[in-house]
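Using the sequences and the hints given, assemble the complete structure.
Protein sequence lines correspond, in order, to chains A and B.
The first sequence begins at 1 in the UniProt record's numbering and counts up by one.
The second sequence begins at 1 in the UniProt record's numbering and counts up by one.
It should be emphasised that the hints constitute simulated quantities derived from the structure, not laboratory data.
Since no wrong hints were added, every one of them can be taken at face value.
The list that follows gives simulated cross-link-like pairs (lysine-lysine, DSS-like), each with its CA atoms no further than 25 Å apart:
| hint | chain 1 | residue 1 | chain 2 | residue 2 |
| --- | --- | --- | --- | --- |
| 1 | B | 531 | B | 579 |
| 2 | A | 46 | B | 450 |
| 3 | A | 450 | B | 46 |
| 4 | B | 482 | B | 565 |
| 5 | A | 358 | A | 385 |
| 6 | B | 385 | A | 87 |
| 7 | B | 83 | A | 385 |
| 8 | B | 336 | B | 358 |
| 9 | A | 46 | B | 182 |
| 10 | A | 87 | A | 69 |
| 11 | A | 482 | A | 581 |
| 12 | A | 570 | A | 531 |
| 13 | A | 305 | A | 570 |
| 14 | B | 87 | A | 385 |
| 15 | A | 341 | A | 305 |
| 16 | B | 385 | A | 341 |
| 17 | B | 46 | A | 447 |
| 18 | A | 69 | B | 385 |
| 19 | B | 341 | A | 341 |
| 20 | B | 447 | A | 46 |
| 21 | B | 565 | B | 529 |
| 22 | B | 341 | A | 385 |
| 23 | B | 46 | A | 157 |
| 24 | A | 83 | B | 385 |
| 25 | B | 385 | B | 341 |
| 26 | A | 336 | A | 358 |
| 27 | B | 531 | B | 336 |
| 28 | A | 447 | A | 182 |
| 29 | A | 341 | A | 385 |
| 30 | B | 341 | B | 358 |
| 31 | A | 182 | B | 46 |
| 32 | A | 570 | A | 482 |
| 33 | A | 46 | B | 157 |
| 34 | A | 565 | A | 579 |
| 35 | B | 182 | B | 447 |
| 36 | A | 581 | A | 565 |
| 37 | A | 358 | A | 570 |
| 38 | B | 570 | B | 358 |
| 39 | A | 385 | B | 69 |
It should be emphasised that the depicted structure is a prediction, and the values quoted were computed from it without experimental measurement.
Protein chains: 2
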Amino acid sequence: MSHLFRRRTPINRPWFFKKVEYPSENSRRLCESAENLEVSSWKSMKGLVRCPANYAPLSPISFLERAAKVYRDRTSVVYGSLKFTWKETFVRCVKLASALTQLGISRGDVVATLAPNVPAMQELHFAVPMAGAVLCTLNTRHDSTMISVLLRHSEAKIIFVDHQLLHVARGAFDLLAENYVKPPILVRIREHNTTHPTSSVSSTYEYESFLAGGDAEFVVRRPRTERDPISINYTSGTTSRPKGVVYNHRGAYLNALATMSLHGMISLPVYLWTVPMFHCNGWCLIWGLAALGGTNVCLRHVSPKEIFDNIVVNQVTHMGGAPTVLNMIVNSSDRKQLPHKVEMMTGGAPPPPSILSKIEELGFRVSHLYGLTETYGPGTSCVWKPEWDSLPREEQLRLKARQGVEHYGLEEVDVRDSVTMESVPADGVTIGEIMFRGNTVMSGYLKDEKATEEAFAGGWFRSGDLAVKHEDGYVEMKDRLKDIVISGGENISTVEVETVLYRHPAVLEAAVVARPDNHWGQTPCAFVKLKEGFEVSSQEIIDFCRDHLPHYMAPRTVVFEDLPKTSTGKIQKFILREKAKALGSLF
Amino acid sequence: MSHLFRRRTPINRPWFFKKVEYPSENSRRLCESAENLEVSSWKSMKGLVRCPANYAPLSPISFLERAAKVYRDRTSVVYGSLKFTWKETFVRCVKLASALTQLGISRGDVVATLAPNVPAMQELHFAVPMAGAVLCTLNTRHDSTMISVLLRHSEAKIIFVDHQLLHVARGAFDLLAENYVKPPILVRIREHNTTHPTSSVSSTYEYESFLAGGDAEFVVRRPRTERDPISINYTSGTTSRPKGVVYNHRGAYLNALATMSLHGMISLPVYLWTVPMFHCNGWCLIWGLAALGGTNVCLRHVSPKEIFDNIVVNQVTHMGGAPTVLNMIVNSSDRKQLPHKVEMMTGGAPPPPSILSKIEELGFRVSHLYGLTETYGPGTSCVWKPEWDSLPREEQLRLKARQGVEHYGLEEVDVRDSVTMESVPADGVTIGEIMFRGNTVMSGYLKDEKATEEAFAGGWFRSGDLAVKHEDGYVEMKDRLKDIVISGGENISTVEVETVLYRHPAVLEAAVVARPDNHWGQTPCAFVKLKEGFEVSSQEIIDFCRDHLPHYMAPRTVVFEDLPKTSTGKIQKFILREKAKALGSLF
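Printed below as a string of structure tokens:
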């Protein structure tokens, strides 16, 4: 019994209430409802019970079980010429879960993946939880060193590795071995319809034959409580120190539904996978698509040609992508007019209005959402108001670039002063930190009680993003807390400077960071990648910014080069900050 | 503290597991997950917490709080010339909740209503839970005797009464007084834009001034646990003994989302209230519409003219209604072609194909759902498959009349043998009982532990409805368990006989019940209401049935008269059964 008690302590003990003062009325209100979670005071309500007939822990596993019945003959997955129905997907997932347990996986064990958006990734999102285990989807851009660190931190027992990434995994295994750590069991994911030379290492498995060895009659392991972990998502590395964000079954279920609502999905959507599945579990849509009988169109490589081909062939209705994906589409020679509307959800960074405008001309209808790994992906969206339809285009794009309002899975998103926890006035000017609270906020950072405590200090999840709140309640992000440039005592939103840079006809990509300055403290430093065939000088860029911004906000330095990015398309500002620092003071 | 412990016992004790044997593998599987609800065995998952930042009890109150921000200027309610925005609705609900507490309402107290689909009903659905209280919406067709019984059973402290139903409430109060029971406080709901003579009874309140006395700064009382009761729905009386079905906040939240999905609602739907709000809390849509910023079009009287006028003026997108409402529409001289598609959800009884066909010609797109008061209203729907688009019309209507498959808020709907609990084969022939399990099944029957236990015996909620399961997994209801006619040892589905009766051109409404018979045990007896201007003989009806059914299924008796109905349009077969019994044996 002892390990049961050990585990209950961190999950259920509200350490929180003892340490934190609640300054505002609003927070005190929360307290009442949360402190008495298991206590109620109904007087004469006899005859009420909780039993299997009327209670089940929320879990996205139920979406798949239902899909196998309701949408049994609908296409669940398409990948080139490969197709599965929901019935087939269900049976494959049961067998895969069974195979995992045959290999010794038990409740709470971690199973890792290192793979792009191939069908196995979709299956593992169900099969691993169905074995009672926790899915840890590793970023495919990581190198062997990082993978070895994360495998060690997560204590993964098995890792599923795409055939193109075997060398990365092997490198990580070598590093683990050097440190006397036993590497996980490796299961290779072969490309569909190809034969690979049999692995020379006998200790590895191959995905299809591994799955085939599972028992189709395996009894699925449902979570014991709905707050049991379902996955670990290591933050993608805009900072240099990744943290293991833990999701639970309840949050995954609720965020899947709320995210589908954000996407405007009703029945039988067809979703093109340009968002990495390893990132926030594909915004929880891998789970959600099962609830609506949707089709997952898998894509190994995200290129404009592949995107347009798949939209046409598979009659894609929805897709998502970081602004860099949108940028890639509008600047590609493969771009074409779409034969039907495609709902495009963009997130990760505010989409520059110039790109928004161009992509909508092609037939995409872009919605803007915002969230963090810690909020299961999407947490807010810029909900469109019908009265905006008649506004000038420029005004529409400006409104749409805002992060908006919380989806219905959350209790509240607010902009608050990081110290006093006071809500900032809805004046569009006062900057505060975006904060979240609700069921679609992570359980915490794996094995990092201090980081968890800091993230939740004050009863809210602190995003680290700076924003203003507009009169209509919509939130607009101004910068990452650590990205903001403070020059001569003035806050400069790097996002605002970047928006102007993107309007310059020669600029393909831009990022602004702080450069240390002996006089001003910091000055804005722009890193710019030009479009092919264009040539401009630093001074031209600076002048352009001075024409469109208050002078103190214009960059003092412009560096032309390729920008370092995460696999999800986010520019890695911490690398640029290091570079700007290395430049030294301007004067 | 003692009352806290008293309350915990009935809610949390799984009395269930001790008494019931689980015959099938499937049930044993449920056991595992439910018995260990609060226990898990994660080993090294340190750093995880539950706190106000990442946990809130699910409650539809959150939908309204969000709507007040996200949809603040959108129309929440329309009622003739009266309109409120979501911001206004929110403020009014807060004040109403405050006014309730000023009158002494505390957690767990019951607040009753006796009113048609007027705006006050929508507000009370939020305001009563926001005061921590439990809403009990009484059927507007009940007489004073029934109301007095239900007020006494529910122990309601306050009752909100529509001005047209004051006499019913007063009659009930008199009956309570005769029995030395203190009647609840009465709050009159006046018609908008009218003045009524001031009540001669000084102890009553008037809705608008009562609400105005509330404090807009009142701190909303969220539920302490998400399984706290939110409402009591007395079953509508197809049986003569009503039971108080208790809903909880979690179920209301989850069923609201699932029901919106059934309706195909995305953003800003406009819903016409022909379904009584007092019935299953309007299928949980009163709560759900707040999540999507929808508009509630209120309707005091359901008439074809009012329906068509409101559809046009308010650009209604969705509505619902029992087959009798559909019947009323297609047989009305006020019917007209719709200017735009309206999604129409029908439920309560299988819609006769002939009516389905006619109403779709007018521009309604009909979907068929099924559920019971005990399942928060809708639990299944006949999910349409695109491949059915190309089938012959007759075949389409036949498919659509089936009850279908569970929505995603439930774990499972199945057809099982009532005794062995074995799932029946999916052969379209073997009859069993429709059973439900999942989070959108009631907490139980108020103060009726025995009835609760019986309803949940075997780990499923037993609907009492008989059905077959088709090869595609779709359920088709054949009859109520107690409605089926057993003649010469053969089961006769009264639904099948009624379907044939509705196809007769002279028949407006029909219901079949068992008539006792000395020779056959029972014979089918049809009660028929003819369309205006039509005249046919019993023999003609009997011959028509013999032409379209096996002879043993054709009615032996036909009675022409008006059919007794509940306010939700369900025919009250228990009254007809009494009448058929009074006829005595045929031979």
